[in-house]
Amino acid sequence: MRYAMAIDTKKCVGCSDCVVACQTENNVPIGYARDWVAEMVAGTYPNVELEIRSERCNHCDNAPCVRCCPTGASHIIDGGIVKVTPEECIGCGACIQSCPYDARYSHPEGYVDKCTFCDHRVEDGLDPACVAVCPTKCMYFGDLDDPSSDVSEAMKNRNYKALAPEAGTDPQIFYLL
Amino acid sequence: MKEELLISGRMNPNIDPFLNIWHWHIPVYLFLGGLAAGILFFAAFYTITGREKEMPTTVKWATFIVPIALIVGLLALFLDLKHQLYFWRLYTTVRLQSPMSWGAWTLMLVTPLSIIWVATYMKEIVPGWKWPWKFLDRAEAFVIKHKVELAWILIVLAVILGIYTGILLSAFNARPLWNTSILGPLFLVSGLSTGAAAIIWMSRSHYERKIMSRIDILLIIIELFLVTHMIMGFLAGSEVKIASAMIFLGGQFTVSFWVFFVILGLVFPLILEILELRGFRIPVGIPAFLILFGGLVFRFIMVEAGQFTRYLY
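Protein chains in written order, with this note's numbering: chain A, 1 to 177; chain B, 1 to 313.
To be clear, the hints were calculated from the coordinates, so they are not data collected in a lab.
C-beta atoms are modelled at their ideal positions from N, C-alpha and C, and glycine is treated no differently.
There may be inaccurate statements among the hints.
Below, a list of computed lysine-lysine pairs in the DSBU-like style, where the Cα atoms sit at most 35 Å apart [what the hints assert, rightly or not]:
| id | chain 1 | residue 1 | chain 2 | residue 2 |
| --- | --- | --- | --- | --- |
| 1 | A | K137 | A | K156 |
| 2 | A | K137 | A | K83 |
| 3 | B | K123 | B | K134 |
| 4 | B | K123 | B | K53 |
| 5 | A | K161 | A | K10 |
| 6 | B | K130 | B | K241 |
| 7 | A | K10 | B | K241 |
| 8 | A | K83 | B | K82 |
| 9 | B | K210 | B | K60 |
| 10 | A | K11 | A | K83 |
| 11 | B | K241 | A | K161 |
| 12 | A | K83 | B | K53 |
Okay, the calculated bits of chain B under chain A, using three or more residues with CB under 8 Å as the criterion [unchecked claim]:
| id | stretch |
| --- | --- |
| 13 | 14-21 |
| 14 | 87-101 |
| 15 | 166-174 |
Pairwise CB distance ranges (calculated) [unchecked claim]:
| id | chain 1 | residue 1 | chain 2 | residue 2 | range |
| --- | --- | --- | --- | --- | --- |
| 16 | B | G9 | A | I77 | 47 to 55 Å |
| 17 | A | K161 | B | T228 | 34 to 42 Å |
| 18 | A | I77 | B | F18 | 28 to 36 Å |
| 19 | A | D170 | B | I271 | 47 to 55 Å |
| 20 | A | S148 | B | N20 | 44 to 52 Å |
| 21 | A | D124 | B | T93 | 29 to 37 Å |
| 22 | B | I221 | A | V48 | 48 to 56 Å |
| 23 | A | H75 | B | L224 | 38 to 46 Å |
| 24 | B | N20 | A | G168 | 22 to 30 Å |
I would like the entire structure built from these sequences, with the hints used as guidance.
Pasting the structure below:
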């Protein structure tokens, strides 16, 4: 089993509903965010291109944050989801330094916090909160090993990319182009 | 022409607009750890080679700095933690892939051992010193008898400690400025050089100062060579590596790096030490202070500048 997400950059309008849904669902402290929207403008007028992406932890297969954690608080659970155990985290910041996506932040209570793919919802067979609320239905979640899952179906006939694959992290969030 | 602009809706404290999760604690610790490793290395080396009599400051007096430096450094590391009550979690597990775990365990070994080392010289530094309990006398006699074995353990730990201060940073792929394997040797050599400088400053024996000055000159030359190689390596690398080199070649850390570290912290003390060996009368404190100052500045620059570099996507 390999959980992954595919996000359609052609459908995303950058409304930030995913950000708010995550903050509400996961009780993210005010002023912090586990996911965010990046807008990229490329080219010179009049040949300008815009790409909008909803970004979060890439739940990497080769996760540098898990490797560098001195206590084992950062770990990978079934399905490849990268998680942090607050009671084992000492707040040293090594994982924050190690993440090429800057997807982790220091929770005001001291431990390091990040996207969990809403594993508490996934356990019950639900989609993560960000996917569930998306008004343009541009996000797909599911098991990559299952060819009939939403995410596998979405990626079937599309070009896609991952972010900073040259970092060697093997990210599992894919952007449909 | 292609222009790119990235606008992010994320504003997490200490992450945005640029990463600054590590502040003064880390460079201060890296400096003190390197200094302690340097002094310990020379103390152990001259004990193993049986030259304690010729090098009294190196083997005895300077080592009193080591436990103090390590404890202050550990305190800085502790203050840096954001979930401090859980710090003991470091010692419930061994994680071979995490440099920080290596460092935590090395410090756990090297700190008490350096205190034991210093304790065997208490009677010489404090006249009339007496251990409060009998068994401590026996323990002292035991350690003195096995001094060379202890020195062997300490020399290995000192090298691990010195290299680890660099590897701590170089293991982070996500920060291109740190992600160069030359950082381990560079921090080790810089730590040895600051250790030698501290010994030169403390020593009253002309002979000992001369030996340590010669070693220090060699170390500074190696350090200059490694710094050059680091920048050359960046310039020959990928886009993010070139951007890292540019931080020192016209970017925001250019002046602090070249003026305070390379010129004031390496080249200037190197010239002063060479002149001193040639017979010019130069107060020994000046080059020693500059080397220590340069070592501290170097670590501040590397920690700070590294957090400015990142992957572009």
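| message | To test your reading of the hints: which numbers does this structure violate? | response | Failing hints, ascending: 6, 12 and 16.
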